[in-house]
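Protein chains: 2
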Amino acid sequence: MKFICDGLVLSDAAVTVSKACSTKTTTPVLECIKIGAQNDVVTLLAYDGEISIEKKIKADVLEEGEICVNGRFFSDFIGKVSGMNVVISTGDKGLEIRYEDSESFMQALPASEFPSIKGEAGEEYFEVKEAALKALISKTVFCCATDESRPILKGCLLETEGGKLHATALDGYRMAVSQCEAAGGNGNVKIVCPARTLTEISRMLEGGDETLKIYVAKNMLFVSVDDTVLTSRLYTGEFVNKSNIFPPAFSTQFCVSRAELIESVERASVLIRGDKNNLIIFEVKGGNILITANSEIGNVSECVKGEMSGKELKIAMNGKFMLDALKALDEDKVKLSFNTPIAPFTLENKDSQESSYLILPVRTTA
Amino acid sequence: MKFICDGLVLSDAAVTVSKACSTKTTTPVLECIKIGAQNDVVTLLAYDGEISIEKKIKADVLEEGEICVNGRFFSDFIGKVSGMNVVISTGDKGLEIRYEDSESFMQALPASEFPSIKGEAGEEYFEVKEAALKALISKTVFCCATDESRPILKGCLLETEGGKLHATALDGYRMAVSQCEAAGGNGNVKIVCPARTLTEISRMLEGGDETLKIYVAKNMLFVSVDDTVLTSRLYTGEFVNKSNIFPPAFSTQFCVSRAELIESVERASVLIRGDKNNLIIFEVKGGNILITANSEIGNVSECVKGEMSGKELKIAMNGKFMLDALKALDEDKVKLSFNTPIAPFTLENKDSQESSYLILPVRTTA
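First to last, the protein sequences are chains A and B. For the record, in the first sequence the residue sitting at position 319 is 319 according to our numbering, with numbers rising by one throughout. For the record, in the second sequence the residue sitting at position 174 is 174 according to our numbering, with numbers rising by one throughout.
Hint data in this document are derived by calculation from the structure and do not stem from the laboratory. Heads up, a few of these hints could be off.
Identical chains share a label here; the pair holds if one copy fits it or two copies do between them.
What the hints assert, rightly or not - EDC-like mimics (lysine to aspartate or glutamate), calculated; alpha carbons at most 16 Å apart, straight line:
#1 LYS80 / GLU260
#2 LYS56 / ASP40
#3 LYS80 / GLU263
#4 LYS320 / ASP171
#5 LYS333 / GLU354
#6 LYS93 / GLU296
#7 LYS80 / GLU266
#8 LYS305 / GLU100
#9 LYS333 / GLU260
#10 LYS305 / ASP101
#11 LYS2 / GLU96
What you are looking at is a predicted structure, and each value in this text was computed from that prediction instead of being measured.
Using the sequences provided together with the hints, build the complete structure.
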C-alpha cells in the first residue's frame with residue numbers, strides 16, 4: 001500500500017474514526033484503525049466490537065493495499081504533520097510515514113486480523129432533522145444507566161410513531177422522555193440504541209436543517225454523514241414500559257422560574273458536595289418552595305416563589321438529578337408535579353410537554 | 001461580627017485568599033479563611049503554614065469580630081451569591097450568610113484557633129516591574145524540583161546584583177537561569193523562594209508596567225498588590241552554586257529554528273509517550289540535527305537543518321525537558337551547545353543570553 005495525501009485531510013479522518021477505537025481491550029487490533037487504499041480513495045475504519053466508524057478520503061493511491069495501526073498514536077502523530085503532504089506506505093517495519101525530508105515508522109498489524117463487521121443497512125429507515133436529533137440526544141442520553149447491572153438501560157429507547165420520534169432513557173432512579181418531529185421513514189421503528197452511539201452520532205452532526213436518514217436492520221443501526229459511516233450494534237431485550245411509570249395524575253403542582261430554581265439548587269449543592277446522598281429537600285407550601293440542604297459543613301435554606309396548586313408537600317431528592325433535569329429543560333418557567341413524598345415526581349417546561357423528567361424521591365427517616 | 005457587602009467583591013476576595021488555604025492537612029483551621037470585620041473594613045486571611053494571603057475589602061460593618069470558615073466551601077458558596085448584597089454574621093450555628101429572602105449557615109471555628117503569622121516586613125527590599133517578574137517566573141519556575149528529596153530545590157534562587165534580578169531553578173536533571181532588570185532596592189538580596197509562592201505572586205500580578213516592591217526579612221518575603229498582601233516563608237540552606245555547573249566552553253554549537261525543532265521533538269514525543277525515559281536522540285552532523293526516537297509503537301527519524309560549528313556529536317536526552325526549555329525561550333532561532341554525549345548541554349536564544357537552560361543527557365547503552 002502506498003498513497004500521498006494532504007496531512008490535514010488525513011488527520012481529520014483519523015480523529016473522526018479513532019472515536020470508535022477501543023480503549024480498554026486485551027485485543028490490540030480493536031485499538032487500531034484499518035487503513036485501506038483502493039482506486040483514488042483511502043478508507044479509514046475503526047471498530048470496538050459495538051460501534052464502527054468509517055471515513056473515505058481522496059488520495060493519490062500509488063499502490064493498493066490495507067493495514068492496521070494503533071488509532072490513538074496514529075491520529076496524534078498525523079495531527080502533528082497536518083501542515084504537509086504525507087506519503088503513507090507499508091514497509092518491512094510496518095507503516096511508513098514520510099513528510100518533507102523525514103520518515104517515521106509505526107508498528108502495524110495485518111488487515112486480516114481486523115474483525116469483520118456483520119450486518120447490512122437493510123430497507124427500514126427513519127428520517128429526522130440533524131438539529132432536532134442533536135437536541136433530542138442531549139435531552140435524554142444523560143439519564144441512561146452507566147453501570148452494567150441492567151445492560152439494556154445503558155441504551156436509549158427510540159420509537160417512531162405518528163410522525164414523531166420518541167426517546168426514553170432511564171437508570172433506575174430517574175427517567176427522561178422527549179420527542180421531536182420525524183421527517184419521514186418507512187414503518188415504525190423501535191430500537192434500543194447504546195448511549196455512546198447516540199453521543200458519537202451527535203458529535204458527527206453539524207446540527208443544521210439537513211435531514212438524516214437512519215437505517216435499522218436486525219440489531220444494527222447505520223448512519224451516513226458526508227463521507228463518514230457509523231454502524232452500531234443495538235441492544236436487545238425488553239425495555240421498561242414507560243406508560244406504566246408516569247403517574248396519571250398529580251396532587252401538587254408548582255410552576256417556578258427555572259433560572260431561580262437552578263441557582264438555589266446549585267447553592268445547596270455546594271454545601272452538600274462530598275455527601276454521598278447529595279440530598280436536598282423541597283417543601284412546597286403556600287406559594288413557595290422552601291429548599292433546604294444539610295451537611296457537616298453547614299446548611300442552606302432558601303425560598304423560591306412560584307404558583308402552587310394542590311396539597312402541601314415535603315420531599316427529599318438527589319440534588320444532581322434535579323439540576324440535570326432543570327438544565328435540560330429550556331423554557332423560562334418549569335412545572336413540578338408531585339403526589340406523595342415517596343412517589344416519583346416530574347419536571348416539565350411549563351408550556352410545552354415535549355420533554356418530561358421523572359425522578360424518584362429519596363426516603364428519609366427524618 | 002456582622003457586615004453587609006457586595007457579593008461580587010466578597011467572592012473575588014474569597015477566591016484570591018483561598019489560594020493560600022491548605023488542601024492536605026489534618027488541622028482543619030489551615031483549610032479556613034479567617035474573616036475579620038473592623039471599622040469599615042473586612043479582612044480575609046488564609047495561611048497554610050508556608051504562604052499567607054490577606055485581602056481587605058470595604059464593607060458596612062454593623063458589629064466587629066472575627067471567625068474562621070472552610071475556605072473552599074466559603075469561596076464556592078459566595079461565588080453563587082455574587083449577584084446580590086450579602087449579610088455575613090456570626091450566630092449560634094457558626095457563620096450566617098443572608099441574601100434576599102434566604103439564609104444559610106456554615107460551620108465555623110473560633111478565630112483564636114487561627115495560627116499567628118510570624119515575621120515583619122523589615123527594611124530590606126528590591127523592586128521589579130510586574131511584567132518582567134511575571135516573565136522571569138514563567139521562564140524558571142518549571143525547572144524547580146517537585147519531590148521532597150532535596151527540599152531546597154523546590155525553591156527558586158533569587159539574587160539582585162548590579163541592577164539585575166537573577167533567578168535560578170534546578171531539579172537535579174536540568175537547570176534554568178534567567179535575569180531581568182531590577183528596578184531598584186536597597187542592598188543585595190539573596191533568597192530561595194518556594195516555587196509555589198512565585199506561582200501565586202505571578203497569578204496576583206496584572207503584568208503591566210507597574211513597579212512591585214518585594215520586602216525580605218529573616219526568612220520571610222512580603223509582597224503587596226493593591227489590597228492583597230502575600231507573605232511567604234523562604235527556604236534556608238545552601239543552594240547549588242550555579243557557576244560550578246555551567247560549562248565554561250563548548251566543543252559543538254548548533255543554531256536552529258526554534259519552531260522547527262519544537263515540531264520535530266513533539267512528533268518524536270507522540271511515539272515515545274508512555275515510555276518511562278521519554279528518550280530522544282540528537283545526532284549533530286554536517287549542517288543538520290538528526291532527531292530520532294524509538295518505542296514499541298514505532299520510531300521517528302527527522303532531519304532539521306541549522307548552522308553547526310565544532311565537532312559532530314550524538315547525544316540522548318529526555319524529550320520533555322527539551323520541549324519545556326524550547327517553549328520557554330522566545331527568539332526565532334535558538335543555540336544548542338554541547339561538549340560530550342555525557343556532559344550537560346545548554347539551550348539559549350541565539351542573540352540574547354538572558355535565559356539559559358542546562359540539561360543533563362541520558363546515558364544510553366546503545
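**Item:** List of violated hint numbers, smallest to largest
**Value:** none
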